[in-house]
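Read top to bottom, the protein sequences are chains A and B.
Residue numbers for the first sequence, in my numbering: 789 to 1203.
Residue numbers for the second sequence, in my numbering: 789 to 1203.
Don't read these hints as lab results, they were simulated from the structure.
It cannot be assumed that every hint is accurate.
[As the list claims (entries may be wrong)] With a straight-line cut-off of 16 Å between C-alpha atoms, the simulated EDC-like cross-links for lysine to aspartate or glutamate are: (1) B:K888 with A:D1160; (2) A:K981 with B:E1000; (3) B:K897 with A:D1160.
There are 2 protein chains.
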Amino acid sequence: MSTVGEICAKAREASRASATLSTEVKDRALGAMADALIERVGFLVEANAEDVSRAREGSASNTVIDRLTLTEGRIASMSDGLRAVARQPDPVGEVVGGWKRPNGLLIEKVRVPLGVVAVIYEARPNVTADVSGLCLKSGNATILRGSSIALSSNRAIVDVLRDALSTAGAPKDAIQLIPDSGRESAIELMQAKGSIDLLVPRGGKDLIQAIESNATVPFIIDGDGNCHVYVDRSADPQMATDIVVNAKTQRPSVCNAAETLLVHEEIADKWLPGLLDDLSAAGVEIRGDERTRSLWPEASAATDEDWGTEYLDLKIAVRVVPSLDDAIAHVNRWGTSNADAIVTQDVGAARRFTTEVDSGSVFVNASTRFSDGGEFGYGAEIGISTQKLHARGPMGLRELTTTKYVVWGEGQVRS
Amino acid sequence: MSTVGEICAKAREASRASATLSTEVKDRALGAMADALIERVGFLVEANAEDVSRAREGSASNTVIDRLTLTEGRIASMSDGLRAVARQPDPVGEVVGGWKRPNGLLIEKVRVPLGVVAVIYEARPNVTADVSGLCLKSGNATILRGSSIALSSNRAIVDVLRDALSTAGAPKDAIQLIPDSGRESAIELMQAKGSIDLLVPRGGKDLIQAIESNATVPFIIDGDGNCHVYVDRSADPQMATDIVVNAKTQRPSVCNAAETLLVHEEIADKWLPGLLDDLSAAGVEIRGDERTRSLWPEASAATDEDWGTEYLDLKIAVRVVPSLDDAIAHVNRWGTSNADAIVTQDVGAARRFTTEVDSGSVFVNASTRFSDGGEFGYGAEIGISTQKLHARGPMGLRELTTTKYVVWGEGQVRS
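Input sequences plus hints: build the corresponding full structure.
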């Protein structure tokens, strides 16, 4: 049996045990994992130093090295993250619904773990702890496959977490790391049909493409975020400015940052030039349609490519629209169904936008940057689904479960 | 644009409209559809006669011709089915959950339609009406692709239903039929990524295999049902007999019929021979393990192949197990996670079986034959999911929806 095959077999066995762990044992294990990260901080920093020096020799960019580096402070955050997951309610066993049939059958729909969850991810070693914690609390076994650049760090973290599992009475093999990071093992994981119940890729376009062309196991895509802010004619101008500036500039490199601004023509003349001055002063490059450029001539001309692009950068596309309908149509035509916002004082406009915009998260008078598991109160997040099936939007513990019907009878047979 | 491409484009447009139809309009449309089937029964029977005579010429089996044939009675059942769907609660707009964050953001998780649902199915023309009704009530647009053998019938049914939609003020293109039934159009549908939000195959292994190897759109598999009944040592013997006989013989050709019987050794001596006499008298062929054959020598020897086979026929595999643990392990090893039952008077055994057996539906003291959308009270069913993601077990209206987060703020930005 291949290494991946062996790991999958052990994970399946561990998943049977972790599915029935009590909340008490799981929370104790999460506490032990959090403690162990702090106690063994020296060991972790040392292992991480190997990765960092190898990355430096391989002339990785400063951004990559920053993401890779584990400090005492970052390890403390990982530890806090595990404690936050422990404080979340246990999703396993939740009775989602139930009803009695005319023949007396009592049908209960109960939340149960998925089984084996595999995560393929890139540089950040903190994902190793986050994902392990979320999967354990939701009663699953996890298979982790990080990137080669972080292999020593991930090995060390997983060692520490597995030891802690044992001391708390949870199965060690509920957390396993694929010990190499070659392409073959990733492909093998993607094709381990029947062995893996959910695969979550956390990475860029290349990884997602590889999953889409190779995976035979069920997966959830954490995809693009071409997010919009629509400023309605009834918007409070100051609120609109605050939200657009925040959504665009607070952290432009992430999927919930705004990429396109739509402005109702009745507010554009008065409000838009000042807003674009502010954005420009904050270093944002402006690309506008004709109306925008007539109001703010420094803007370059936006093309269809701009409407369809997730810049992930200090750039914004701006369009003046004649109506709410046009704004909704634009978002549904060009958006990626991730997160979109309306700024308005008109309850009718808010209701129509939230109903008709086909996105995972729709915001009224708030920044798109809140589309995030932590901000939603999920403790940590496994990702943000851009799919419609199973989970949509920020994914927490519940999204790592499935349901089962439990039907109680007294001898009923079907006639 | 190809025919399938045009149909997909019209469906997307119709889906925007059907997503926001009021419950009143949807129920009125379902009523109009139900009425129209009755009013135009002559037209439908005539169109169906063409299919039936073509099938006879092509020397289709009697079973196929029976499934294909539309009588007045069957058309009345289709009509009743649409009325039953109208009586179901509207899933669209249901607030699944909601909470307030410390920063004042109000997060609501709201049920919304998937968008465009495509169904590929085989002979039975009643599926055309069932699926159309379920998709309309759940606010989706439907693309139907039936089999060539039923093409005239399906065309006629869809014509009638579309006319009824118009009269009720719903978009006609919310129900469309692919006008040919060649393999190419099926493959094109499976690969219409971005145009189809969910594809449901209703058919045999070949169709499922084609979907698994070709589909790029999201799909839900309605797969095998290798169902088990486990008779615990504490079972009521008469109840056990009734349930096993019902689960095996009431309709052996369907996915929720029992295929394997597991019997606790402490009850086997007294109960099993009489049960096997009854099954045998009902025409069931018995394949048993060694213990079974020592108690009932006429049984032929069961092999691993028997434990793994969905007979869909009057055959049963029988194994005597030394414990509840062995029964659970057998089901998890050989089952297909569809529907499994325990017969027991012991509440501890019932709780362990329902918790540890990893199936979509687990029954206590009831026949596996109840794993069915109608029996669960869903009015009609779109299928029985054997997946863990999105939907598991019998699928009704809710399973044709996704959710969306609607977040209400008062100008919140992220710091």
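Here is how each hint holds up against the structure:
no.	hint	result
1	B:K888 with A:D1160	15 Å, holds
2	A:K981 with B:E1000	11 Å, holds
3	B:K897 with A:D1160	14 Å, holds
Of the numbered hints listed earlier, not one is contradicted by the structure.
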